[in-house]
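Join the two chains, each given in its own frame, into one complex according to the hints.
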Amino acid sequence: MGNPMRIRARMSGDVVNVKVLMNHVMETGQRKGADGALVPAHFITKVTAQCNGKTVLEADWGPSISKNPLLGFRFKGAAAGDTLSITWVDSEQDSRTDEVVIG
Amino acid sequence: MTRKPMRWRNGFWTEHNNRRALPVGKEIDIMQHRREFLRHVGEGGVFVALLSAGLLTIPQTWAAENSRAAFDAKTVEDAFRALGATAPALSDAIELTAPTIAENGAVVPIKVASAIPGTQSIALLVEENPYALAMVTTIPEGTEAYVSSRVKMQKTSRVIALVRAGDEFFMATRDVKVTLGGCGG
Chain A
0 MGNPMRIRAR MSGDVVNVKV LMNHVMETGQ RKGADGALVP AHFITKVTAQ
50 CNGKTVLEAD WGPSISKNPL LGFRFKGAAA GDTLSITWVD SEQDSRTDEV
100 VIG
Chain B
0 MTRKPMRWRN GFWTEHNNRR ALPVGKEIDI MQHRREFLRH VGEGGVFVAL
50 LSAGLLTIPQ TWAAENSRAA FDAKTVEDAF RALGATAPAL SDAIELTAPT
100 IAENGAVVPI KVASAIPGTQ SIALLVEENP YALAMVTTIP EGTEAYVSSR
150 VKMQKTSRVI ALVRAGDEFF MATRDVKVTL GGCGG
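In order, the protein sequences belong to chains A and B.
Numbering-wise, the first sequence is residues 0 to 102 according to numbering that gives the first Met the number 0.
Numbering-wise, the second sequence is residues 0 to 184 according to numbering that gives the first Met the number 0.
Mixed in with the good hints, there may be bad ones.
Stated by the list, open to error - Looking from chain A toward chain B, a few residues come up when the C-beta cut is under 10 Å (computed):
id: 1; residue: V14
id: 2; residue: V24
id: 3; residue: M25
id: 4; residue: Q29
id: 5; residue: A33
id: 6; residue: G52
id: 7; residue: K53
id: 8; residue: T54
id: 9; residue: L56
id: 10; residue: E57
id: 11; residue: W60
id: 12; residue: G61
id: 13; residue: P62
id: 14; residue: S63
id: 15; residue: S65
Unchecked claim - Chain B is nowhere near these chain A residues, computed Cβ spacing over 10 Å in every case:
id: 16; residue: D59
id: 17; residue: G80
id: 18; residue: V100
Treat the hints as calculated values from the structure; they're not laboratory data.
Where a beta carbon is used, it is the ideal one built from N, C-alpha and C, also for glycine.
Chain B extracted, bound-state conformation (with noise of 0.2 Å):
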């Protein structure tokens, strides 16, 4: 198996088979890649590192400014574990609204409600997608715990609510079928 080319692009390691998929004077000389790849891996140690040493709690890299790094998570798994998550319990107590059959992959409506008490977050994921997930919701005292949006789904998969209260995490999912041709299946 022969590896594609990988390029810097937006903050994320991009796959491409295309040379002129490079636009003209934008093309970035490896050794930049390089320098931006470990100054990346540079910060994940130090990261480790302070999580090591107790000064940052699991709790607080949740945060909306850190979750970020979440976002770059391909699998479900990798995801929950940027963003602190360590096997979430099922829970009933969070209502995902999500069609059992979608007609168009590029707009899924989806709503999640959480009836579990001092919600702190929402986060949605879709098992299927390049990069799992889709959103993370700061819910702050006075909101409501609930948030509705539309996501791009690439086939068939598994949606996932992921639900934060305090130091515990709770997940819904439901399966949704992505038909082709919008012909309802």
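Chain A on its own, in the form it takes in the complex (with noise of 0.2 Å):
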């Protein structure tokens, strides 16, 4: 499940400016441990964002974003009190959705 993102979606005119501070560690599979051995890979592969029953925003990831990862994009089409969903599926199929109503 994992833990909660923090989003924030603000109208500016007609754009909506999003900010989306998720909370994941971002494992890259190339670090080494305390105990010497190299850390699994764990890390979001895909980020899906959807307001009004429309994809506004598709991404895909690999292991070279940071940890906590943060993603900040912008689109037209909606108004404030309209919800926006942003959906993130990581590489071991765990996957989170948190919703926001628009500002």
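Have a look at this one:
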């Protein structure tokens, strides 16, 4: 399930300005832990943003994205009060969806 | 030169030089590796065959669900090839914002904005990372050609933003110096 995301979606003119802060270890599989063994890879592979039943952004990620990833984007065609939902899926097929009302 | 043993893990062939790295009970027998590997090679072969038969066109291969293979590419050239981008032209219409000096290579803020009409995808690559491709973003109609994120950088490297508009590819590059120890260099 993972921990909740922090999502901010604000109207500026007719554009919705979105910033998402996800809570994820984003382990690359390259790093060695304290015992000298490689820490297995575990990272978000896909992020999808939907608003009013329409996909407004799709992102495929590799392990190079930082821990606790940040994603910023802007889209048109929504109004204040609409709900924006963000979903991520990770390399262990874990996923999480969070929603926010556009303000 | 002796080759380091390789193992199949989470869809990647990974080098490892420490046998203890394999968790007890999770060791996979080598024939399974081989089958897995051959299966992937087989899929690749079918893919190439479809391409040459004209059943698939390059732009379709960029589609989000198929871009996964590009994440296994170790070099920028291989990643470009996997994304179907051959020799993208440098473009001033792509604004790639990245720090000149990054004090912490684990968190390098990157912004990409494209003023190219009909921008459909924005990809971000870090040349010196073990796997060059960091992200591929699909921009549907109505979404601005802008994306910001934070990437890990193993060392000082060139960062590349690759933009697809229609069947054409454009790119912008920035050099980011990663200082160790966080003293600001």
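Going down the list of hints, with the structure as the test:
1. For V14 (chain A), the interface hint holds, since its Cβ comes within 10 Å of a Cβ in chain B; the closest pair sits about 7 Å apart.
2. Contact between V24 (chain A) and chain B, as hinted, is not supported at the beta carbon level, the nearest pair being about 12 Å apart and thus beyond 10 Å.
3. With a least beta-carbon distance of about 8 Å to chain B, the hint placing M25 (chain A) at the interface is held under the 10 Å criterion.
4. The restraint placing Q29 (chain A) at the interface with chain B holds, with a minimum CB-CB distance near 6 Å, inside the 10 Å limit.
5. Checking A33 (chain A) against chain B by beta carbon gives a least distance of about 13 Å; that is not within 10 Å, so the hint is violated.
6. A cut of 10 Å between beta carbons decides the hint on G52 (chain A): the least distance to chain B is about 13 Å, and the hint is violated.
7. Because the smallest distance between the Cβ of K53 (chain A) and any Cβ of chain B comes to about 7 Å, under 10 Å, the interface hint for this residue holds.
8. Using the Cβ-Cβ criterion of 10 Å, the hint placing T54 (chain A) at the interface with chain B is satisfied: the shortest such distance is roughly 6 Å.
9. Evaluation of the L56 (chain A) hint against chain B yields a held restraint, the C-beta minimum of about 6 Å falling below 10 Å.
10. With a least beta-carbon distance of about 4 Å to chain B, the hint placing E57 (chain A) at the interface is held under the 10 Å criterion.
11. Interface hint at W60 (chain A): satisfied, since its Cβ lies 5 Å from the closest Cβ of chain B, which is below the 10 Å cut-off.
12. At a threshold of 10 Å, the smallest CB-CB gap from G61 (chain A) to chain B is about 4 Å, leaving the interface hint in force.
13. Interface restraint check for P62 (chain A): the shortest CB-CB distance to chain B comes to about 7 Å, inside 10 Å, so the restraint holds.
14. A cut of 10 Å between beta carbons decides the hint on S63 (chain A): the least distance to chain B is about 4 Å, and the hint holds.
15. Because the smallest distance between the Cβ of S65 (chain A) and any Cβ of chain B comes to about 4 Å, under 10 Å, the interface hint for this residue holds.
16. For D59 (chain A), the condition that its CB be more than 10 Å from all CB atoms of chain B is violated, with the nearest at approximately 4 Å.
17. At roughly 18 Å from the closest C-beta of chain B, the C-beta of G80 (chain A) stays outside 10 Å, upholding its exclusion from the interface.
18. Every C-beta of chain B lies more than 10 Å from that of V100 (chain A), the closest at about 19 Å, which supports listing it as non-interface.
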